[in-house]
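Engineer: Based on the provided sequences and hints, a complete structural model is requested.
There are 2 protein chains.
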Amino acid sequence: MTNPTAAMLVIGDEILSGRTRDANMHHLAGQLTEAGIDLTEVRIVSDDAPAIIAAVQALSASYSHVFTSGGIGPTHDDITADCIAAAFDTPIDIRDDARALLQAHYDRSGQELNTARLRMARIPDGATMIDNPVSTAPGFTLGNVHVMAGVPSVFQAMIASVLPTLSGGAPLLSRSLRVVRGEGDIAGPLGEFAARHPNLSVGSYPFQKDGIYGANLVVRGQDAAALDAAMAELGTVFA
Amino acid sequence: MTNPTAAMLVIGDEILSGRTRDANMHHLAGQLTEAGIDLTEVRIVSDDAPAIIAAVQALSASYSHVFTSGGIGPTHDDITADCIAAAFDTPIDIRDDARALLQAHYDRSGQELNTARLRMARIPDGATMIDNPVSTAPGFTLGNVHVMAGVPSVFQAMIASVLPTLSGGAPLLSRSLRVVRGEGDIAGPLGEFAARHPNLSVGSYPFQKDGIYGANLVVRGQDAAALDAAMAELGTVFA
Numbered sequence: 675m676t677n678p679t680a681a682m683l684v685i686g687d688e689i690l691s692g693r694t695r696d697a698n699m700h701h702l703a704g705q706l707t708e709a710g711i712d713l714t715e716v717r718i719v720s721d722d723a724p725a726i727i728a729a730v731q732a733l734s735a736s737y738s739h740v741f742t743s744g745g746i747g748p749t750h751d752d753i754t755a756d757c758i759a760a761a762f763d764t765p766i767d768i769r770d771d772a773r774a775l776l777q778a779h780y781d782r783s784g785q786e787l788n789t790a791r792l793r794m795a796r797i798p799d800g801a802t803m804i805d806n807p808v809s810t811a812p813g814f815t816l817g818n819v820h821v822m823a824g825v826p827s828v829f830q831a832m833i834a835s836v837l838p839t840l841s842g843g844a845p846l847l848s849r850s851l852r853v854v855r856g857e858g859d860i861a862g863p864l865g866e867f868a869a870r871h872p873n874l875s876v877g878s879y880p881f882q883k884d885g886i887y888g889a890n891l892v893v894r895g896q897d898a899a900a901l902d903a904a905m906a907e908l909g910t911v912f913a
Numbered sequence: 675m676t677n678p679t680a681a682m683l684v685i686g687d688e689i690l691s692g693r694t695r696d697a698n699m700h701h702l703a704g705q706l707t708e709a710g711i712d713l714t715e716v717r718i719v720s721d722d723a724p725a726i727i728a729a730v731q732a733l734s735a736s737y738s739h740v741f742t743s744g745g746i747g748p749t750h751d752d753i754t755a756d757c758i759a760a761a762f763d764t765p766i767d768i769r770d771d772a773r774a775l776l777q778a779h780y781d782r783s784g785q786e787l788n789t790a791r792l793r794m795a796r797i798p799d800g801a802t803m804i805d806n807p808v809s810t811a812p813g814f815t816l817g818n819v820h821v822m823a824g825v826p827s828v829f830q831a832m833i834a835s836v837l838p839t840l841s842g843g844a845p846l847l848s849r850s851l852r853v854v855r856g857e858g859d860i861a862g863p864l865g866e867f868a869a870r871h872p873n874l875s876v877g878s879y880p881f882q883k884d885g886i887y888g889a890n891l892v893v894r895g896q897d898a899a900a901l902d903a904a905m906a907e908l909g910t911v912f913a
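Line by line, the protein sequences are chains A and B. My numbering numbers the first residue of the first sequence as 675 and each following residue consecutively. My numbering numbers the first residue of the second sequence as 675 and each following residue consecutively.
The reader is advised that the hints may include incorrect statements.
All copies of an identical chain are treated as equivalent in the list; a pair is satisfied when it fits inside any one copy or across any two copies.
[What the hints assert, rightly or not] Below, in silico cross-link-like pairs of lysine to any residue (SDA-like), each with a Cα-Cα straight-line distance of 20 angstroms or less: (1) 883 to 859; (2) 883 to 855; (3) 883 to 807; (4) 883 to 850; (5) 883 to 872; (6) 883 to 852; (7) 883 to 851; (8) 883 to 853; (9) 883 to 854.
Quick caveat, the hints were computed from the structure, so don't treat them as lab data. Here the structure is a predicted model, which is why all the values come from computation and not from measurement.
Structural biologist: In structure tokens:
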């Protein structure tokens, strides 16, 4: 009855340099929680082939699913598809059905399907394409690795394409209680509460704003009734 | 002449569940870039001791520095300090100077230094404390691992305490050019530009907004004059 697990691999120098904030991780985390798939680890690596290959192999071996974002466009720094193929020791080349999708797309828009754009039809042997209703160039699934674009609108569309094909577990529900007391005062009774509810996950996320110290207490579990009962109890503990 | 490398380890269920957006990674990335330390990998793991220990050991062995955020507060789910000690196979206990700092802090505020708060004085043997001017409870450095709180204001204060003690390399400078053309049209000439400048890092970060396709072209390097000359050339390529 345990849920499938997942990892995310974000590929992109621009996040590691501090130039861009990642937006895809937060989106995927929320979607997976709803789907009953436990996001257990995220890694962010640069546009560096050995780093990407090593991360794909490690995560693919450890989790039910791996979701990648970034590096599948037409430019020279887009090396993700080749790295996935290398990670699985699988050949990669331009695939006819992917080329046909791109040809039709660029014919409609009156643009040329040049050498650079054709790179986006490179799909590892044995992969399944992931539909991209936003800008056509497909993602793909190889083994348990789902490879998606980094542009947030495209990433989100691809997640919407691929998630319904995966079987999830029970969605993880959460409830929270905001307590305006220092965590040091909360910790004792909260630890006892957590010990009384071994089937629930109990977290304390402190905040400190305008001189006010407090914490958001978050309780997570798969059984809504048990969760509600526990929250009622937590309310009396911190009344 | 290569810069020191760094990894970040974010510890926190709340980010993996999609409840919270991480804010510390973006801050650290910008600070390290300014300091001439290359942030090369980020991992996010849950509040799970084996996962934290394995990540600390792997990152500590691979990079010059590791920065962690989260899990050093007083509540039952704060297990980072013990995990760092375990990762280095080092004893951990309440340390007198850390206890004295906390005692003085809580005496001033008229609060009790109870058992939960005393957990924040647990520091692995051989560690150096990191000053916390915001809320007193210290971070610490053990080996090449710098352990900091997850609350953003405290994380930022601790980064400001620890960064000046580290020796960096040449800051990585970046310039960008926004080009309102599809990446497929940009890719060919951009790849040739990148090949002409092997000492610069050249990235293309596509955007797609309100039906307009384009890319931010980002060029990075350590030599300001070379960078400016290259950007002038790039401007003529995409004029």
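Engineer: Now tell me if each hint is right for this structure.
Structural biologist: Results of checking the hints against the structure:
1. In the homo-oligomer, the alpha carbons of residue 883 and residue 859 lie at most 20 angstroms apart inside one protomer (17 angstroms), although the nearest pairing across protomers, at 48 angstroms, exceeds that limit.
2. Within a single copy, residue 883 and residue 855 get their C-alpha atoms as close as 12 angstroms, which meets the 20 angstroms cut-off; across copies the closest is 44 angstroms, which misses it.
3. For the homomeric pair residue 883 and residue 807, the shortest alpha-carbon distance between copies (15 angstroms) is at most 20 angstroms, but the shortest distance inside one copy (42 angstroms) is not.
4. In this homomeric assembly, residue 883 and residue 850 come within 20 angstroms of each other (Cα to Cα) only inside a single copy, at 18 angstroms, whereas the closest approach across copies is 35 angstroms.
5. Neither within a single protomer nor between protomers do residue 883 and residue 872 lie at most 20 angstroms apart by alpha-carbon distance, with minima of 32 angstroms and 47 angstroms respectively.
6. When the C-alpha separation of residue 883 and residue 852 is checked against a cutoff of 20 angstroms, the pair qualifies only within one copy, where the shortest distance is 13 angstroms, while the shortest distance between copies is 37 angstroms.
7. Taking identical chains as interchangeable, the C-alpha atoms of residue 883 and residue 851 lie at most 20 angstroms apart only when both belong to the same chain, with a minimum of 17 angstroms there against 38 angstroms between chains.
8. For a Cα distance limit of 20 angstroms, the shortest separation of residue 883 from residue 853 inside one copy, 13 angstroms, qualifies, whereas the shortest one across copies, 41 angstroms, does not.
9. Within a single copy, residue 883 and residue 854 get their C-alpha atoms as close as 11 angstroms, which meets the 20 angstroms cut-off; across copies the closest is 41 angstroms, which misses it.
The structure does not agree with numbered hint 5 stated previously, though it agrees with all others.
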